[in-house]
Amino acid sequence: MKKTGKRTIIFENKPSILGYASVVGKKEHEGPLSEEFDFYTEDSFFGEKTFEKAESKLQKTAVKIALEKARLEEKDIDNIFAGDLLNQCIGSSFGLKEFGIPFIGLYGACSTMSLSAGLAALFVDSGAAEHTAAVTSSHFCSAERQYRFPLNYGSQRTPTAQWTVTGSGALVLGRGAGKPYINSVTFGEIADYGIKDTNNMGAAMAPAAADTLLHFFSDTGTKAEDYDIIFTGDLGYVGTNLLYELLEREKTDIRCRHSDCGLIIFDREKQDVHAGASGCGCSASVLCSYILHRLEQGDFKNILFMSTGALLSPTSSFQGSSIPGIAHLLNIKND
Amino acid sequence: MRPTNKEYAAMAKKQSPPSPKVKDFICAFVIGGLICVLGQLLIELYTYLGFEEKVVKMAVPSTLIFAAALLTGLKIFDKIAKRAGAGTLVPITGFANAVVSPAIEFKSEGQVLGLGAKMFTIAGPVLVFGITASAVYGIILWIAGMF
Chain H
1 MKKTGKRTII FENKPSILGY ASVVGKKEHE GPLSEEFDFY TEDSFFGEKT
51 FEKAESKLQK TAVKIALEKA RLEEKDIDNI FAGDLLNQCI GSSFGLKEFG
101 IPFIGLYGAC STMSLSAGLA ALFVDSGAAE HTAAVTSSHF CSAERQYRFP
151 LNYGSQRTPT AQWTVTGSGA LVLGRGAGKP YINSVTFGEI ADYGIKDTNN
201 MGAAMAPAAA DTLLHFFSDT GTKAEDYDII FTGDLGYVGT NLLYELLERE
251 KTDIRCRHSD CGLIIFDREK QDVHAGASGC GCSASVLCSY ILHRLEQGDF
301 KNILFMSTGA LLSPTSSFQG SSIPGIAHLL NIKND
Chain G
1 MRPTNKEYAA MAKKQSPPSP KVKDFICAFV IGGLICVLGQ LLIELYTYLG
51 FEEKVVKMAV PSTLIFAAAL LTGLKIFDKI AKRAGAGTLV PITGFANAVV
101 SPAIEFKSEG QVLGLGAKMF TIAGPVLVFG ITASAVYGII LWIAGMF
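Sequences listed follow chains H and G, in order. Residues 1 to 335, numbered by my numbering, are exactly what the first sequence covers, in order. Residues 1 to 147, numbered by my numbering, are exactly what the second sequence covers, in order.
Hint data in this document are derived by calculation from the structure and do not stem from the laboratory. Hints should not be assumed to be uniformly reliable.
Sample of chain H residues lacking proximity to chain G, with all beta carbon distances greater than 12 angstroms (derived) [what the hints assert, rightly or not]:
id, residue
1, K27
2, S93
3, S126
4, Y237
5, L246
6, D253
7, K333
Stretch-level coverage of chain G by chain H, calculated; a stretch enters the list once three of its residues show a Cβ under 8 angstroms from a Cβ in chain H [what the hints assert, rightly or not]:
id, stretch
8, 12-19
9, 87-95
10, 99-109
We put the beta carbon where it would ideally sit given N, CA and C, even for glycine.
Kindly generate the complete structure, drawing on both the sequences and the hints.
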């Protein structure tokens, strides 16, 4: 690998996506990407006793399917990179404890998919590992009870609120020809522009997304038109428009190439999700279904994938702190 | 060029669609009003059944609380409240929902540390400040009564 520009790491050994899987809940399965997912469950408890255990099972199932598709076994994986939204990342630790794979727990909020995949690719590319896995998840019910209100509490959501995706996405990486591979990773800095409204995550994350994307363009000397499509994680309707506005100030326009996972996983009007979707599972399940399918089929050849996260906690928001945002970017190719 | 926090707040405000206030007000007024009508009907019913006024005054809120708790358990209350907003929140139904919903939600953490401890996470502040306010009001009334 080699560092290019200020923040971008370009891989030289094509860390390839040997297997990938997405597991989602009922609402996600009823959305526009319905046919793309590997597995879905009608039961929000996924046969478990608590929502937290259900979330762990989402990760466990996603990793199992991704391993099957990669034709690998648990013992073949040298490291697994994982994280989620729950306190102390119990979604990951409880979901993956039975695999016996050296575990690297991460917290990047909803940016975890590109954070974990970037690190997993780095391990494969450097030779530190032969095979790695990256997984993340979110669950609407476990997120609601941690960050907001009980499910049955009668509250009204604001138009800027986003709906946490119940889903998980898992990738298995290794060196292998003829598969989509991660060409580069750009880890972003924490950007806090003072947004305090916890019901407006898109606005809190858009500055980080703009910053990481601009660094990537400057590091690589490329522009939006050089890519088939640029996916952001879960900026939603509000965050997407703010991203365009922030980039415009820098004389960059990505409108013709941009799509947001949070705007394509649900039908915003019909499924009543207000400003769109959010959660680690949002960009993860869209990457590990729709996006990688298109890359494999050759519809996309060179894309940017940037998960976006809001690094708040219920404590920080009760204490009146603003919401720091983060975004990490992957350049995924299939040529 | 990076906008200042103030500039960004203005940008975010412009891009964020506001709540449909007129629609919310109308829904809250109509549904809140219907709950009050229901209360009045219950008063009439219990009076017709021959209960004393004192009993009726106890029975009507109890019935509404029971109905709200039952609808919360049946996952219907939140669907009504999504449209009604303050219409279901302000009457006693909102208080019942605020106690019952965390009780259901947190029973996964056990009867004591889950259900017991978390039951008043939403309603707790209402009780604390409600009781404090009534005590303050009582003191003011007592002082006023001395003159």
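Status of each hint after checking the structure:
For K27/H, the requirement that its beta carbon stay farther than 12 angstroms from each beta carbon of chain G is met, with the minimum near 15 angstroms. Distance check for S93/H against chain G: the nearest CB is about 18 angstroms away, which clears 12 angstroms, and the non-interface claim stands. Residue placement check: S126/H keeps its beta carbon more than 12 angstroms from all beta carbons of chain G (closest about 34 angstroms). With 12 angstroms as the threshold on Cβ separation, the claim that Y237/H sits away from chain G is violated: the shortest Cβ distance comes to roughly 8 angstroms.
The claim that L246/H is not at the interface with chain G is violated, since a C-beta of that chain comes within 12 angstroms of its own (minimum 7 angstroms). The non-interface label for D253/H is consistent with chain G: the shortest C-beta to C-beta separation is roughly 16 angstroms, beyond 12 angstroms. With a minimum CB-CB distance of about 31 angstroms to chain G, K333/H clears the 12 angstroms threshold, and the non-interface call stands. With 6 residues bearing a CB less than 8 angstroms from a CB of chain H, the stretch 12-19 of chain G meets the requirement of three and the coverage assertion stands.
With a cut-off of 8 angstroms between beta carbons, the stretch 87-95 of chain G has 3 residues touching chain H; three or more are needed, and the interface restraint holds. Figure legend: the stretch 99-109 of chain G, annotated as covered by chain H; annotation consistent (7 residues with Cβ-Cβ distances under 8 angstroms, at least 3 required).
Violated hints for the displayed structure, listed by number in ascending order: 4, 5.
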